[in-house]
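Protein chains in written order, with our numbering: chain A, 8 to 344; chain B, 8 to 344.
Hints in this document: simulated from the structure, not taken from any laboratory.
Be careful, since some hints might not be right.
In this list, chains with the same sequence are indistinguishable; a pair is considered to hold if it fits within one copy or across any two.
[Said to hold, decoys possible] Heads up, simulated DSBU-like pairs for lysine-lysine below, C-alpha to C-alpha not over 35 Å straight-line:
no., residue 1, residue 2
1, K35, K80
2, K14, K73
3, K153, K253
4, K310, K73
5, K14, K253
6, K14, K80
7, K153, K310
8, K153, K14
9, K204, K80
10, K77, K57
11, K183, K310
12, K204, K34
13, K14, K77
14, K307, K34
15, K34, K80
16, K35, K77
17, K73, K204
18, K80, K57
So the chains spell out like this:
2 protein chains.
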Amino acid sequence: MSTRTGKQTIVLGSPPVVIGGAAIVGKKEGDGPLARFFDQIIDDEYFGEKSFEKAESRLLRDTLVKTLEKCGKSASNVHFIISGDLQNQCTAASYAFRDVQVPFLGIYGACSTMAESLAIGAVLIDAGAAEMTACITSSHFCSAEKQFRYPLEFGSQRTPTAQWTVTGAGCILLEKQGNGPGITHLTCGTVIDMGIKDANNMGGAMAPAACDTILRHLEDTGRSLDYYDLVLTGDLGSFGRSMLVKLLRDNGVDPGDRYNDCGCMIFDLERQDVVCGGSGCGCSAAVLSTYVLELMNQRKLNKVLFVATGALLSPTWIQQGDSIPSIAHAVSLENTP
Amino acid sequence: MSTRTGKQTIVLGSPPVVIGGAAIVGKKEGDGPLARFFDQIIDDEYFGEKSFEKAESRLLRDTLVKTLEKCGKSASNVHFIISGDLQNQCTAASYAFRDVQVPFLGIYGACSTMAESLAIGAVLIDAGAAEMTACITSSHFCSAEKQFRYPLEFGSQRTPTAQWTVTGAGCILLEKQGNGPGITHLTCGTVIDMGIKDANNMGGAMAPAACDTILRHLEDTGRSLDYYDLVLTGDLGSFGRSMLVKLLRDNGVDPGDRYNDCGCMIFDLERQDVVCGGSGCGCSAAVLSTYVLELMNQRKLNKVLFVATGALLSPTWIQQGDSIPSIAHAVSLENTP
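Using the sequences and the hints given, assemble the complete structure.
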């Protein structure tokens with residue numbers, strides 16, 4: 008059973024356990040600083056399929072299979088798949104899991120999807136409604152570029168606040184009990200829109216949502232940020248990250264060096280020509296389900312606040328002159344002492 | 008606390024209560040057989056806004072406000088809004104709730120969205136993670152046509168299995184305790200794809216998913232269909248409805264006259280030129296949150312199995328020659344004796 012504390016935070020009575028995770032990423036991500044943590048690196052952006060969309064769908068499916076393998080589980084152990092992606096109508100996910108006979112909940116939270124998936128997956132387990140849930144999401148640079156921006160062949164120039172959509176999928180398997188860090192608290196965010204209309208500045212649009220959710224989490228739990236070994240947003244990029252640091256400081260919270268952003272970690276911003284860093288649902292999912300989980304399992308990290316952020320815009324609404332609503336959900340992952 | 012029974016069904020320990028609902032619909036729906044049940048009928052498809060997308064967003068927002076009013080609640084009582092729609096990136100919902108300071112979970116289940124929303128909303132309450140949740144979804148004929156099919160001005164001809172996207176939004180407010188029917192069981196479906204590639208035959212594509220979920224529900228609970236006063240799919244339309252009846256009979260289950268489909272109920276199929284009937288997330292949401300809820304509150308119906316069905320396709324995947332994955336989630340609503 009869960010309880011509520013403060014205005015928005017859920018305390019999970021029996022913290023569902025992260026029993027394992029896996030990520031499969033593309034070539035550029037495999038050339039980045041976290042390469043050795045990923046389970047598989049795909050050189051071909053088509054992943055042997057006939058379209059970018061199908062390639063992304065295969066990324067998801069293979070990542071689920073890889074995660075189950077690593078955990079010694081089979082799909083029949085999983086009571087729910089909670090998944091979503093950036094494709095219109097979230098089709099990477101729905102097509103990926105049509106051959107997997109597991110109840111499916113489709114979600115949409117843009118780059119906040121991994122945190123939303125973990126929140127729903129954890130509550131299902133804490134409620135007794137499931138014993139094991141798979142939380143999984145993806146993005147693909149090529150399917151995202153053609154859908155949200157321009158055809159790849161057009162070779163559009165990037166603005167100084169642009170981010171680079173990660174090609175990759177990350178999956179985390181939650182179970183009622185087992186070995187691994189537990190999900191102890193959830194602070195789900197509200198939709199926040201500060202009026203930013205530049206679709207190439209999603210970090211700037213999302214930073215206020217991240218700030219709001221982090222402040223809310225701290226107030227609700229009575230914790231300070233130094234309770235955590237790592238506070239991890241995904242994916243504000245370097246511009247949004249510095250904006251969030253400023254916003255937190257304005258509110259009397261100094262994140263210090265325990266704060267980082269998945270979009271700034273997955274690529275080498277100096278070397279890899281990704282402007283402000285990574286974005287896309289797959290970015291924070293891949294970083295959390297491999298790098299962070301490995302460090303937690305090695306007890307190099309024991310308390311992590313994972314704050315995935317989503318820019319809930321669409322090209323249609325931006326073309327109609329509207330601004331960018333954003334959201335952030337915080338998930339507290341803690342090793343038992 | 009919830010428990011599981013059989014392969015896919017959740018039994019809610021303390022059934023969350025449907026304390027109220029509301030629906031706002033368009034002119035054509037207001038000319039249909041259920042008109043008197045709807046809370047508001049909008050003659051202008053722009054709803055005073057500058058685009059169809061914004062009109063749909065306003066439909067959602069106003070429907071939430073109307074529901075809260077009817078229940079004597081305010082947004083500050085609501086712990087979660089669980090919402091989604093058919094617009095790319097589910098923007099009707101994210102833009103609708105940017106001014107409402109309530110934690111937001113975006114979901115995507117095409118026309119199964121209302122059932123998915125009720126499932127997540129009910130589990131959140133049963134887990135103790137929320138005391139009140141708002142389950143709400145919408146569709147809009149004009150925003151759907153231009154996105155999924157052709158510009159309205161093109162005046163395309165409809166095929167014999169086509170359905171008509173409902174303009175409307177429906178909202179249900181769930182609370183831990185109160186007066187109204189309770190949500191007693193949930194049977195969430197798996198993604199099923201029988202290979203149908205005709206995007207104008209979504210009823211045919213979804214009928215096998217509805218059949219699978221209904222059979223699973225009956226097997227898991229040990230119930231027969233005549234346990235229910237009404238079994239309600241949404242939205243198979245007349246073609247999908249007859250296909251489901253055949254599929255159920257092939258499996259030894261005769262739905263008899265207790266079965267109907269929201270898409271066949273919201274329009275007069277003889278008179279209103281909608282081919283096989285209504286579709287879109289808003290269809291089953293509007294029928295459930297007004298007509299069905301009123302009959303349950305009057306105890307003319309006491310046990311209802313609500314089976315919302317979704318065709319999880321996108322134009323992109325169909326253009327690439329792929330088929331239509333479908334899903335159905337069943338929600339059992341029961342009055343206390």
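Now for the hints, and whether the structure bears them out:
Taking CA atoms no more than 35 Å apart as the test, K35 paired with K80 passes inside one copy only; the shortest distance there is 30 Å, against 51 Å between copies. Taking CA atoms no more than 35 Å apart as the test, K14 paired with K73 passes between copies only; the shortest distance there is 24 Å, against 38 Å inside one copy. Taking CA atoms no more than 35 Å apart as the test, K153 paired with K253 passes inside one copy only; the shortest distance there is 33 Å, against 42 Å between copies. Only within a single protomer do K310 and K73 lie at most 35 Å apart by alpha-carbon distance; the minimum there is 26 Å, versus 43 Å between protomers.
For the identical chains of this complex, K14 and K253 are intra-copy neighbours only, at 24 Å inside a copy versus 50 Å across copies, given an alpha-carbon limit of 35 Å. Only between protomers do K14 and K80 lie at most 35 Å apart by alpha-carbon distance; the minimum there is 17 Å, versus 37 Å within a single protomer. When the C-alpha separation of K153 and K310 is checked against a cutoff of 35 Å, the pair qualifies neither within a copy, at 38 Å, nor between copies, at 48 Å. In this assembly of identical chains, the alpha carbons of K153 and K14 never lie at most 35 Å apart, being 40 Å within a copy and 40 Å across copies at closest.
Only between protomers do K204 and K80 lie at most 35 Å apart by alpha-carbon distance; the minimum there is 33 Å, versus 45 Å within a single protomer. For a Cα distance limit of 35 Å, the shortest separation of K77 from K57 inside one copy, 28 Å, qualifies, whereas the shortest one across copies, 51 Å, does not. Proximity of K183 and K310 under a CA criterion of 35 Å is satisfied in both settings, with 19 Å inside one chain copy and 32 Å between copies. Taking CA atoms no more than 35 Å apart as the test, K204 paired with K34 passes in both settings, with 31 Å inside one copy and 33 Å between copies.
Within a single copy, K14 and K77 get their C-alpha atoms only as close as 38 Å, which misses the 35 Å cut-off; across copies the closest is 24 Å, which meets it. Taking the shortest alpha-carbon separations for K307 and K34, only the intra-copy value of 28 Å comes in at or below 35 Å, while the best inter-copy value is 61 Å. Proximity of K34 to K80 under the C-alpha cut-off of 35 Å is restricted to the intra-copy arrangement: shortest distance 28 Å within a copy versus 52 Å between copies. Taking the shortest Cα distances, K35 and K77 sit within 35 Å of each other inside one copy (24 Å), while across copies they are farther apart (54 Å).
With identical chains, the CA atoms of K73 and K204 are at most 35 Å apart between copies only, with a shortest distance of 30 Å across copies and 39 Å within one. For a Cα distance limit of 35 Å, the shortest separation of K80 from K57 inside one copy, 30 Å, qualifies, whereas the shortest one across copies, 51 Å, does not.
Hints 7, 8 from the earlier list are contradicted by this structure; the remaining hints agree with it.
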